[in-house]
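S.K.: Here is how the chains run, residue by residue.
2 protein chains.
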Amino acid sequence: MKFNKVLENIQTYEAGKPIELVVREFGIAPKDVVKLASNENPIGTNPAIAKVIRSNADIAHLYPDDSMFELKAALSQKFDVNGDNIIIGAGSDQVLEFISRALLNEESSVLMSAVTFAMYEIYAKQMGAKIIRTESYAHKYDEFMEAYRKYQPKIIYLCTPNNPTGDATSREDVLKIIESVDKDTLIVVDGAYMEYAAAKDERYAVTPTDLIGYDNVIYLGTFSKAHGLGGMRVGYGIAQEKLIKELYKMRPPFNITTLSLLVAIEACKDDSFVEASIALHQEQIKRYETFAKENGISYIESYTNFITYLFDENLDSTEISDALLKRGVIIRNLASYGMNGVRITIGTEVQNDVFFRHFAEVIS
Amino acid sequence: MKFNKVLENIQTYEAGKPIELVVREFGIAPKDVVKLASNENPIGTNPAIAKVIRSNADIAHLYPDDSMFELKAALSQKFDVNGDNIIIGAGSDQVLEFISRALLNEESSVLMSAVTFAMYEIYAKQMGAKIIRTESYAHKYDEFMEAYRKYQPKIIYLCTPNNPTGDATSREDVLKIIESVDKDTLIVVDGAYMEYAAAKDERYAVTPTDLIGYDNVIYLGTFSKAHGLGGMRVGYGIAQEKLIKELYKMRPPFNITTLSLLVAIEACKDDSFVEASIALHQEQIKRYETFAKENGISYIESYTNFITYLFDENLDSTEISDALLKRGVIIRNLASYGMNGVRITIGTEVQNDVFFRHFAEVIS
Numbered sequence: 001m002k003f004n005k006v007l008e009n010i011q012t013y014e015a016g017k018p019i020e021l022v023v024r025e026f027g028i029a030p031k032d033v034v035k036l037a038s039n040e041n042p043i044g045t046n047p048a049i050a051k052v053i054r055s056n057a058d059i060a061h062l063y064p065d066d067s068m069f070e071l072k073a074a075l076s077q078k079f080d081v082n083g084d085n086i087i088i089g090a091g092s093d094q095v096l097e098f099i100s101r102a103l104l105n106e107e108s109s110v111l112m113s114a115v116t117f118a119m120y121e122i123y124a125k126q127m128g129a130k131i132i133r134t135e136s137y138a139h140k141y142d143e144f145m146e147a148y149r150k151y152q153p154k155i156i157y158l159c160t161p162n163n164p165t166g167d168a169t170s171r172e173d174v175l176k177i178i179e180s181v182d183k184d185t186l187i188v189v190d191g192a193y194m195e196y197a198a199a200k201d202e203r204y205a206v207t208p209t210d211l212i213g214y215d216n217v218i219y220l221g222t223f224s225k226a227h228g229l230g231g232m233r234v235g236y237g238i239a240q241e242k243l244i245k246e247l248y249k250m251r252p253p254f255n256i257t258t259l260s261l262l263v264a265i266e267a268c269k270d271d272s273f274v275e276a277s278i279a280l281h282q283e284q285i286k287r288y289e290t291f292a293k294e295n296g297i298s299y300i301e302s303y304t305n306f307i308t309y310l311f312d313e314n315l316d317s318t319e320i321s322d323a324l325l326k327r328g329v330i331i332r333n334l335a336s337y338g339m340n341g342v343r344i345t346i347g348t349e350v351q352n353d354v355f356f357r358h359f360a361e362v363i364s
Numbered sequence: 001m002k003f004n005k006v007l008e009n010i011q012t013y014e015a016g017k018p019i020e021l022v023v024r025e026f027g028i029a030p031k032d033v034v035k036l037a038s039n040e041n042p043i044g045t046n047p048a049i050a051k052v053i054r055s056n057a058d059i060a061h062l063y064p065d066d067s068m069f070e071l072k073a074a075l076s077q078k079f080d081v082n083g084d085n086i087i088i089g090a091g092s093d094q095v096l097e098f099i100s101r102a103l104l105n106e107e108s109s110v111l112m113s114a115v116t117f118a119m120y121e122i123y124a125k126q127m128g129a130k131i132i133r134t135e136s137y138a139h140k141y142d143e144f145m146e147a148y149r150k151y152q153p154k155i156i157y158l159c160t161p162n163n164p165t166g167d168a169t170s171r172e173d174v175l176k177i178i179e180s181v182d183k184d185t186l187i188v189v190d191g192a193y194m195e196y197a198a199a200k201d202e203r204y205a206v207t208p209t210d211l212i213g214y215d216n217v218i219y220l221g222t223f224s225k226a227h228g229l230g231g232m233r234v235g236y237g238i239a240q241e242k243l244i245k246e247l248y249k250m251r252p253p254f255n256i257t258t259l260s261l262l263v264a265i266e267a268c269k270d271d272s273f274v275e276a277s278i279a280l281h282q283e284q285i286k287r288y289e290t291f292a293k294e295n296g297i298s299y300i301e302s303y304t305n306f307i308t309y310l311f312d313e314n315l316d317s318t319e320i321s322d323a324l325l326k327r328g329v330i331i332r333n334l335a336s337y338g339m340n341g342v343r344i345t346i347g348t349e350v351q352n353d354v355f356f357r358h359f360a361e362v363i364s
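For the record, the sequence lines run as chains A and B. Each residue of the first sequence is one higher than the last, beginning at 1 in the UniProt record's numbering. Each residue of the second sequence is one higher than the last, beginning at 1 in the UniProt record's numbering.
Isolated chain A (complex conformation):
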């Protein structure tokens, strides 16, 4: 059978290693595994969310309301936009897929930072598009403009705060790039970790309201991180109605589960969980900064719920990640991103204690 040519060039995404794998491969009890690899919310599941799940456990046989009327109403209110400005995805990931499929083909190129969310490249390659990257992982205006003028990309991805590096781009700089780009290029502002950046420094807060006036910009958000719903797979895109309508043509029916729909509606009502997540994070990340300084390790100033440690030639990120894995501590090795570094989700106090203990031993 002859498959489409684009398949020859596609690598599949390497997900953070699951706890189940460590249990299977190294015989470590699940309770002793500390997973700081996938930027899951260390507090756990919001009790209000767990309650919604439990009370609706007996409607798993029913398809969700595919109009997502109530979730769109909740998001409309939260972000001061209309329901027609919103598309829901199985994670903001799926909205990235819709965008890629609606706009890209073998003649297009896409522009992104040197190190950024891996799915931009994978979805673009699925459409045969060419990948252009700037030199820095930071979203520098001059680098983006130079590449933009040279390649006229169909899509520019601005991941802010950036994953897996943790740095962010200020609202001013995001708007400066948007203002300098022609209307035939779509700018994707991926704010998956925006709650953390906005809480740290309001100059880094970018909101759908800042962007809805532009007809070539889409804002992406997710319930997976600050809302602690990674396992439920719900994200969203917010843009002008005309764009949303086109993306809808690539949306499969019932693209989130019945329970996912209900918990996302509940999550929109409850800001206190997000606030508690951020408070824990802000307190605990200081320990990672201090530890790095005390041990002569560089790190990238973080605007997210994780921190990226960068190693010099004396430390190897693959060796360190593998050694930690055998001890039941899962972090994300960044070697596949071309960096000698690791991304560590900021955990609970206890999880971080375990990490520091093992990490100190491994690097000594």
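Keep in mind that the hints were calculated from the coordinates and are not lab data. Treat the hints with care, as some may be off.
[Said to hold, decoys possible] Under the rule of at most 27 Å between Cα atoms (straight-line distance), these lysine-lysine pairs were calculated in the DSSO-like manner: (1) K51/B to K31/A; (2) K2/B to K245/A; (3) K242/A to K5/B; (4) K200/A to K176/A; (5) K5/A to K130/A; (6) K242/B to K130/B; (7) K2/B to K183/A; (8) K5/A to K183/B; (9) K183/B to K150/A; (10) K150/A to K150/B; (11) K5/A to K200/B; (12) K2/B to K130/A; (13) K2/B to K176/A; (14) K2/B to K242/A; (15) K2/B to K130/B; (16) K326/B to K72/A; (17) K72/A to K293/A; (18) K176/B to K200/B; (19) K5/B to K130/A; (20) K130/B to K2/A.
Chain A is fixed; fit chain B onto it per the hints.
M.R.: Chain B in isolation, oriented as in the chain A frame:
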């Protein structure tokens, strides 16, 4: 912004109307709405499944094991295939999408019966492929062969039992088509409702084991129907490893939720719920057959959990569906499939009582 040309030609799928819509539009209390439109399992959620959901309500923040190791092991055992022969989708729907994206382009065509599952066409159109249909809704060998020889389609869809008509194709006839088709055409055997057909007449049972020997055939199954997990969005494709590997390139990470993964594993362990679903169904469908005969309405002999009534010129399917909707009874109008008929999910005894009462009034 210039979107891909294929978008001009895409219609979005019209999902069965949700209960929420009837509540909103007609002010009917949710408990008084009878939904027989989406082939959801009328028994409801398996209590063993509801228990799994409740006990895991507090891990909604954790991503699922993306290797789906345990679910694949359970399916391997159930169907006597290897884990490498399996790909999991958010419903078998998503596997259809992977297939379409891996194989189709603007030069290809796909072949399907005159009336069959709507997503075959939508996913094929998303890739710009041409849609070829046979004359009958039944999967007739001669009609398929004639179109196959004429158009050399890249994919042939055999939906058995067929949705939304309810008829089925025997194993003998499925294998006859497969044997007559060249290896460069993929044959998709969509067995979403197979449990019902197999229980009714074993000559209509088609299993992955029947098909795994062919390198151009894929079997699709789902947990949405007989297993009663429509709202959880889990389906699967079973084929030779080489094909599965290509489809994997189009699979997004974490494409089912954490709870969906756990309930699907549980569902593989529990045959009794499927047996009870089929028993209820077989008992209740007789009432639909009897009612039709008594009222001079034609119907298609059903091998699924629904029945299709066909109307003559004295009855109009749109008027009937609309009148029932206002009474809180949701069924599926088949006008958009070019048929003057309706598809009715076989409900519980009480649901069917309500249906017959309103339907008798509406058609009189």
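S.K.: Hint compliance check: list the failing hint numbers for this structure, sorted ascending.
M.R.: 9, 10, 11, 17
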